[in-house]
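Asks: In order, the protein sequence lines correspond to chains W and L.
Each residue of the first sequence is one higher than the one before, counting from 87 in my numbering.
Each residue of the second sequence is one higher than the one before, counting from -4 in my numbering.
Since the hints were derived computationally from the structure, they do not count as laboratory data.
Any given hint might turn out to be false.
With a straight-line Cα cutoff of 35 Å, these simulated DSBU-like cross-link-like pairs (lysine-lysine) come out [as the list claims (entries may be wrong)]:
{"#": "1", "chain 1": "L", "residue 1": "Lys(-2)", "chain 2": "W", "residue 2": "Lys531"}
{"#": "2", "chain 1": "W", "residue 1": "Lys111", "chain 2": "L", "residue 2": "Lys209"}
{"#": "3", "chain 1": "L", "residue 1": "Lys205", "chain 2": "W", "residue 2": "Lys539"}
{"#": "4", "chain 1": "W", "residue 1": "Lys530", "chain 2": "L", "residue 2": "Lys(-2)"}
{"#": "5", "chain 1": "W", "residue 1": "Lys261", "chain 2": "L", "residue 2": "Lys(-3)"}
{"#": "6", "chain 1": "W", "residue 1": "Lys277", "chain 2": "L", "residue 2": "Lys284"}
Facing chain W, according to a computed beta carbon distance under 7 Å, are these residues of chain L, among others [what the hints assert, rightly or not]:
{"#": "7", "residue": "Met(-4)"}
{"#": "8", "residue": "Lys(-3)"}
{"#": "9", "residue": "Phe(-1)"}
{"#": "10", "residue": "Phe10"}
{"#": "11", "residue": "Ser219"}
If you're wondering where the values come from, they're calculated on a predicted model, not measured in any experiment.
All residues carry an ideal CB built from backbone N, CA and C; glycine is no exception.
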Amino acid sequence: MLFNSLEFYLFLPAVFLLYWFVFQKDVKIQNVLIVAASYLFYGWWDWRFLSLIISSSFLDYGLGVQLGKTEHTGRRKLLLWVSMLVNLGFLGVFKYYNFFADSFADLLQTFGMNADFTTLNILLPVGISFYTFQTMSYTIDVYRRKLEPTKDIFAFFAFVSFFPQLVAGPIERAKNLLPQFYTQRNFDYNKAIDGMRQILWGFFKKVVIADSCAIYVNAIFADSAELSGGILLLGAILFAFQIYGDFSGYSDIAIGTARLFGFNLMRNFAYPYFSRDIAEFWRRWHISLSSWFKDYLYIPLGGSRGGQWMQLRNVFAIFLVSGFWHGANWTFIVWGGLNALYFVPQMLLKTNRNNLGIAAQNSMLPSIKEVLQILLTFFLTCVAWVFFRAASVSDALEYLVNMFTLTGDGFRAYMDALKLSGENLKGLGGFILLLIVIEWIQRKKEHGLEHLKWAQPLRWIVYLLLLVIILYHFGGSSTFIYFQF
Amino acid sequence: MKKFIQKILLLLLLFFVIIQIPKWVLPPFWGNEIYDAKLHYLEQAKRKYNTFFIGTSRVNNGIDPELFDVELGKKTKTFNLGAPGSSGLENIELAKHLIEHKTLDVQNIFIELPLLELHGDKNLASLRGRYYYDFGMYVFSMKNIFEDDKSLKNKFNKWRTHTTLLIKNTFSLGIFDDALERTIHGQKRNSEKYKVKRGYNPLYLNTKNKEALKRRATFLKDKSILKKRRQGANKVFKRAKYPKDEFAIEVFEELIDMAAEQDINLYFVLYPKAAESIYIKSRQINSPKINKRIINLANPAKYNNFYKKEYSFDRAHLNDKGAKLLTKACARAYKKMREE
């Protein structure tokens, strides 16, 4: 079920009313309702894949219980390995099998050997990377004794399948989310109202920004060999806003929806395009994944300790794995590698923690230096996004070469050729500007509409205006980019 | 909780009121660009015409209004309101619009039968799907969807599409979109071009239209298509009985009554060279009230010329020569019907 679909508009109020009016007295029954609603939400795409979530939940619940019962180090390690192997095995089969088979066959061919591996016609279960990482974090934390294993099976199942964040995150840690399923939830008016504001802002980003950018991005990337550098640069910039609007919009809707049910999910985006360097960007972009890799991969590998070679290895490891997490394609790996390359100079010069606060901390406007830093960081991310969006590494390289070649027809001619309306593009530019301005003003807050300090009538005018703009752009139920991961 | 729900409901109420405003202050909008332009011209022409042909490209390319009037001794003043690819629901809405129109002098309406894709999803998701879909249309579509033998999943998907559309239209969702389109189209719309041939767009063999030429080339390659179309039509019209499409009958009878209340004559025209499945649908719309208003120009036993290459532009459309034949045949059939 998509957030921007008719089914969800019926589903959400129904679950909300049942949750607060029918089952409000018993937290266990509320959890059962969450599990049932989440399975319905997920099964709407393909009910067969529910078996994967259910088996993953049973497995990690059982392993957690067993880990709680034993102090034997070898046995504990074995239980952890079982969890890793099975969960990563699911990912390997459903997400990466064909990639490895194809890549291995290509490799053998370069050595003159012919290999005919059978590629499987496997459907990728929606959100498999998200919930797999979530369950794995539970078992790892229990293994590390950072978390008590739960005996409440419904709380655990609800934690794994909680519908607002099930298919595209934020990837929650058991330490944060699981305890919230044990305690009585009371309806909090302010929290719910803020949740609604965040949902509204999320829809604005998804429907108005991301979906509108997608029209241009799809056309430009489809015809990139024919287009001039200026248009290709426009395509890369628009894709940067598309993916931000799409993914952070989803996160806002997820976090806001969770708040309606009395849950606090972790923040996933902190205005990443206002970052002044790449290190800051990665502290602000897809925070739940970056911190997951930091806690469960980077630090166990040694983190920033050890010699420079060791640090370099760890940085590349985390970025390459992060790229590979996004999909079984070399484009994602190159995207990860490129970001690692961006990061390395900062690591070597020890400037990666220079910008821990926000830009223009004590003033309304940024300094010229900050503006230049922000623009440079944004440009670097745009270049990297080209690999993320392109169908293949060679397509991406060709795109970038053409992007930096300042030839070709004028802007208008290309827009006409692409059958894109210049008027609509101006409108989209206006909405992107609105997004930037609002998020800049709100950069100290969690989301674009949090605690607006305006008089109530003015706030309502803003909400109504956003609703109308969203409505105007609402063209159906377009899917979210990150669902494929 | 009470306060929260009250606020949300109040916000939604205000929202729905606001989005109604363009609907109240702006004139009706036709998402179908051709209807939009042709109707715009008619508004300017005021009471110049009294007879209107509604339908798809078969009407747009096949009925010559001037010739029709000549054949009837200039007793009618005809205008062609055909639009390529128009759907059944759209055409019903257009007929209703004409019936209820206060400033046009509407005396006769000829509406194409069968109406293509009466409850289909075609164009539903587009702007063209937004302006004519009301609750009546929804009930009608739902009955069709749940009566047919499609799978439950198929029924559900159709339900979702139609329900979304109904919600959009009921609450004017999308009206801002329409308003914007209207502003843009208002400037672009070239309604004056319909003055010359009164909305008729003949298909000449020496046309420069690339899309039309492509269709013609495909037609010329397929030597057996006309034979197939003729055989299909023959088969359908020879068979005496077909199960009735009660829902379509209900809609058309209601339309006849609406027209009668305004002293307007409503006729249904069956045009030649359609696919067999379309004619089967037409035979399912079978009631005495409708039957006596059907002008059947599709039966090869009576109108074999329409199935000849000489009069064809492509597999589904007549050329300008064929259009003249068709218009004359239609005028004669209408005259005979009136005399009877």
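Asks: Broken hints, numbered, in rising order?
Replies: 2, 3, 6, 8 and 11
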